[in-house]
Amino acid sequence: MSMSEDPFVENCWYVAAWASDIKEGDKFKRVLLEKPVVIFKGESGRYIALEDRCCHRGAPLALGRIEGDCLRCMYHGMKYDHNGICVEIPGQDKISDVHRVHSYPIEERGGLLWIWMGDPDLADQQKILDFPYLSDPDWKGHTERSYLHYDANWMLIVDNLADFSHLAFVHTNTLGGSEDYASESKETVYKLEDGFRMERWHLRSAPAPFHKKVFPNGPDPVDRINDVTIRIPGVMFMETSFGPVGWNPEGDREGVIKYANCQFMTPETRSTTHFFWDYLHNYDSNIEDISASLKASLVAGFMEDKIFIEEQQKYLTQYGRFQPRGLASDRALAHYRNVWNKRLEAERLAYPSDNSPIKNAIL
Amino acid sequence: MSMSEDPFVENCWYVAAWASDIKEGDKFKRVLLEKPVVIFKGESGRYIALEDRCCHRGAPLALGRIEGDCLRCMYHGMKYDHNGICVEIPGQDKISDVHRVHSYPIEERGGLLWIWMGDPDLADQQKILDFPYLSDPDWKGHTERSYLHYDANWMLIVDNLADFSHLAFVHTNTLGGSEDYASESKETVYKLEDGFRMERWHLRSAPAPFHKKVFPNGPDPVDRINDVTIRIPGVMFMETSFGPVGWNPEGDREGVIKYANCQFMTPETRSTTHFFWDYLHNYDSNIEDISASLKASLVAGFMEDKIFIEEQQKYLTQYGRFQPRGLASDRALAHYRNVWNKRLEAERLAYPSDNSPIKNAIL
Amino acid sequence: MSMSEDPFVENCWYVAAWASDIKEGDKFKRVLLEKPVVIFKGESGRYIALEDRCCHRGAPLALGRIEGDCLRCMYHGMKYDHNGICVEIPGQDKISDVHRVHSYPIEERGGLLWIWMGDPDLADQQKILDFPYLSDPDWKGHTERSYLHYDANWMLIVDNLADFSHLAFVHTNTLGGSEDYASESKETVYKLEDGFRMERWHLRSAPAPFHKKVFPNGPDPVDRINDVTIRIPGVMFMETSFGPVGWNPEGDREGVIKYANCQFMTPETRSTTHFFWDYLHNYDSNIEDISASLKASLVAGFMEDKIFIEEQQKYLTQYGRFQPRGLASDRALAHYRNVWNKRLEAERLAYPSDNSPIKNAIL
Chain W
1362 MSMSEDPFVE
1372 NCWYVAAWAS
1382 DIKEGDKFKR
1392 VLLEKPVVIF
1402 KGESGRYIAL
1412 EDRCCHRGAP
1422 LALGRIEGDC
1432 LRCMYHGMKY
1442 DHNGICVEIP
1452 GQDKISDVHR
1462 VHSYPIEERG
1472 GLLWIWMGDP
1482 DLADQQKILD
1492 FPYLSDPDWK
1502 GHTERSYLHY
1512 DANWMLIVDN
1522 LADFSHLAFV
1532 HTNTLGGSED
1542 YASESKETVY
1552 KLEDGFRMER
1562 WHLRSAPAPF
1572 HKKVFPNGPD
1582 PVDRINDVTI
1592 RIPGVMFMET
1602 SFGPVGWNPE
1612 GDREGVIKYA
1622 NCQFMTPETR
1632 STTHFFWDYL
1642 HNYDSNIEDI
1652 SASLKASLVA
1662 GFMEDKIFIE
1672 EQQKYLTQYG
1682 RFQPRGLASD
1692 RALAHYRNVW
1702 NKRLEAERLA
1712 YPSDNSPIKN
1722 AIL
Chain P
1362 MSMSEDPFVE
1372 NCWYVAAWAS
1382 DIKEGDKFKR
1392 VLLEKPVVIF
1402 KGESGRYIAL
1412 EDRCCHRGAP
1422 LALGRIEGDC
1432 LRCMYHGMKY
1442 DHNGICVEIP
1452 GQDKISDVHR
1462 VHSYPIEERG
1472 GLLWIWMGDP
1482 DLADQQKILD
1492 FPYLSDPDWK
1502 GHTERSYLHY
1512 DANWMLIVDN
1522 LADFSHLAFV
1532 HTNTLGGSED
1542 YASESKETVY
1552 KLEDGFRMER
1562 WHLRSAPAPF
1572 HKKVFPNGPD
1582 PVDRINDVTI
1592 RIPGVMFMET
1602 SFGPVGWNPE
1612 GDREGVIKYA
1622 NCQFMTPETR
1632 STTHFFWDYL
1642 HNYDSNIEDI
1652 SASLKASLVA
1662 GFMEDKIFIE
1672 EQQKYLTQYG
1682 RFQPRGLASD
1692 RALAHYRNVW
1702 NKRLEAERLA
1712 YPSDNSPIKN
1722 AIL
Chain B
1362 MSMSEDPFVE
1372 NCWYVAAWAS
1382 DIKEGDKFKR
1392 VLLEKPVVIF
1402 KGESGRYIAL
1412 EDRCCHRGAP
1422 LALGRIEGDC
1432 LRCMYHGMKY
1442 DHNGICVEIP
1452 GQDKISDVHR
1462 VHSYPIEERG
1472 GLLWIWMGDP
1482 DLADQQKILD
1492 FPYLSDPDWK
1502 GHTERSYLHY
1512 DANWMLIVDN
1522 LADFSHLAFV
1532 HTNTLGGSED
1542 YASESKETVY
1552 KLEDGFRMER
1562 WHLRSAPAPF
1572 HKKVFPNGPD
1582 PVDRINDVTI
1592 RIPGVMFMET
1602 SFGPVGWNPE
1612 GDREGVIKYA
1622 NCQFMTPETR
1632 STTHFFWDYL
1642 HNYDSNIEDI
1652 SASLKASLVA
1662 GFMEDKIFIE
1672 EQQKYLTQYG
1682 RFQPRGLASD
1692 RALAHYRNVW
1702 NKRLEAERLA
1712 YPSDNSPIKN
1722 AIL
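Residue numbers (the numbering used here), protein chains in the order written: chain W, 1362 to 1724; chain P, 1362 to 1724; chain B, 1362 to 1724.
Warning: the hint list may mix true and false statements.
Remember, identical chains collapse to one label, so a pair may be satisfied in a single copy or spanning two.
As the list claims (entries may be wrong) - The list that follows gives simulated cross-link-like pairs (lysine-lysine, BS3-like), each with its CA atoms no further than 27 Å apart:
| id | residue 1 | residue 2 |
| --- | --- | --- |
| 1 | 1396 | 1667 |
| 2 | 1552 | 1455 |
| 3 | 1440 | 1547 |
| 4 | 1384 | 1396 |
| 5 | 1667 | 1440 |
| 6 | 1703 | 1396 |
| 7 | 1675 | 1396 |
| 8 | 1667 | 1390 |
| 9 | 1384 | 1573 |
| 10 | 1675 | 1455 |
| 11 | 1720 | 1703 |
| 12 | 1656 | 1574 |
For the record, the hints were derived by calculation from the structure and aren't laboratory data.
Bound conformation, chain W alone (with noise of 0.2 Å):
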């Protein structure tokens, strides 16, 4: 396995679509950490990730035609299994067991399709960071679940979401409210040994618009609290509550709302990102509205931060060097990018690069 020259950590699951996006009898293709894969159902009903690009002259598998849990490649007609192995090649009796792909573990979890980059042999199902809320029928998001592309490199969409004095002045008049947020709510930052947990607490303060919008006439002011968790690599999930002034979350929630929040960034390059999101109620009634709201509002808030982030990967990558100055509340995202790199440099040394010469090269 190649690694030395990836910047990505690969042994660890990444949301790689919405099941939904997996047509049935279609084959999806995707770029993910860099490489190209191919998903589809096998007509056994099992999701099957396999490498996007042939073994004999590197032909897109994804052009290929579904025959049972296999795929055949369309160009010259090599068939696979859902392991990746040749099983067919048509002319030709036998086969060496080189004729593979690639074969990427693939799990679904709360209509989230999780894949393993790294080595298959360690991929732990246990370790998929499922979010509850995504399988619990009291919880309600978007019908269509969301998707965004963004032209820049996950880490400065992690950067965003570790710092969140941000709201204040990206998101006035959609997701955060006033300006005091950057000043006057009161953070606390817990380290986690893959990631971070954050709490923010906001007291005494006017509703944020996009909650105002869906509850018109709750509290005002309020006490707002985000509880925000992210883990390596790229996966945030937050609890919003808005409630009235002085409650607390150990007492009474009488009169207190809360959403649940969840973003996955996952690498396509390391100049581009895809982006999987939802956000979460259990209100009793106007569903469908609400829901569609929320989702109006968060897509506008997510555009004002795009344009920054886009601007950011463009402006760090066209114009040379520049030297960042830290702030105090670069805390929870100094420490994220810390047990990244860690865990970077651990699988570096565990898979050095394969640098053996390339027979036959095709190009």
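Based on the hints, put chains P and B in the right spot on chain W.
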């Protein structure tokens, strides 16, 4: 002559254009082997091909003016004769012998313009790989000779043509006919010093769709033979015949229909290719209808190939290390790449790279 | 200051924009010398130019908010004064002196904004290359000052302007007049320490088409003089006069029409250029018609140049080694490149590259 970094054999004749591409009094510019070239017809009627960069400041001569068999750069007025020698500099009496551009030998054969990109002293017109059917009045092709542009290295197109098992899967409904073409036809490969010849018989098979269309009442099943020769640099000639079961090429050709197919791949750059072709027949009647039908079928087939070939190019250049795994059907393409690489290496030794520093470089 | 890889002389005044480009209360972003810059008018009325990258995480300040003579980054709320010093960080009391962005000296002259991209301590306003006609009420230009964007290194535009023989061929029907301008006009080049001055007389010649259009009943033939000065960095002033045959600049100017032409080339990147210009006259009547006609003629002429210049750029960067071959008419451009290269080298020695490792790089 700088050769060492070029991935192209230069001392051979390439197809540069169809002669009909060059309009009377007009200049035709095209990049060939990563060199900009301007082609025009001098007033004497001869074809002239010059380096499309004025020696002064690199302005394109294609923006210039034809004067007799000369071309005048319309930036500062330098005038070049058909040998690329500067014969006039406005406002300057003395002309040095460094004031010249490269002149490429160019010849017309069968409606094609052949160009010699390498050492002009070696340009032997006897070595042009003329396809005699193009000049034979008994054989009909398109009135508008055909051209396609590929976003792929030309060798990927040679690979495609050198392995006919792809007809079974890529072209089932156009040029192929059935998937058993891959497993049941019989191929013989003859190695040539500058390429290969390959015969492939498919016995007792359904006629190919393109043939059925123009010859609906012909014998069915047929014995089909593809007899293809591919030679350096990317020149393919193929004769395809369909006849009653049991016919043989040495004997009676009653009821046998033959097509004559030529394809020419000329690198534009290492990742893009000019592709010229014609597909000829010698039917007595309905000439125009048949030519149009054959052209439509072939274009449909090429489009099927183009998707695979351009995706291969993208995958091979964008997604890192790829170790191809050979098949038995790679015999012909492997031999072709061998003879190409030998020629390339021989040129590299014969024409070491020009590493002399550039004086007064413009950029 | 990192200089060593820059292909630009930095310690001089460049044109950044027309003052009218900066709208009250708005931020104007532009890349200059491969550095992103944001320009705005503070509430005090002064022009302010800052590095367009927040020192925290590189977000564009052009997305920020003007507050007095300060600009607040709207990502996490850092506020910078007109010197680029951070004066407020929401939620953080202490501000380090590394929390700052570069502030570029900027001055208005004759409707142009001049910026100093190099060492601010050396920014001497006396060195601004003001074109006095721009501020002279007797001289009229366009009401909307003109700008073009070139996909070419700015030096290719200087080359163009430094060799007037191109008027004969490129601009025969717009700014030139006849092809004998190249061979029969007489040029004198004066070397300056920071550029050159060049006089070119064309005696007993047809008036140039652009002049004929606005002065149809003027003398014909004329004696024409172009008196052009080009100085570092890419500043061209030209006076062009048409008078009756035999007139001389020291004597009677009866019947002599003079134009005042300025052009300013500022590198955006090493392969793209900002180009500002105006073409002024001091006619008494029909001012608007004449200005419009002159502008139309000049734009037509620039478009003729632009085709050559952008093709040169493409050819020089895409098609490998090019050894230019000098002409006698290259005297002026050769001297200009000499003085430029000397200045560049002097700056490289004075400001060695900052190679200190970047701490906590974002990407």
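Hints not upheld, ascending by number | 9, 10
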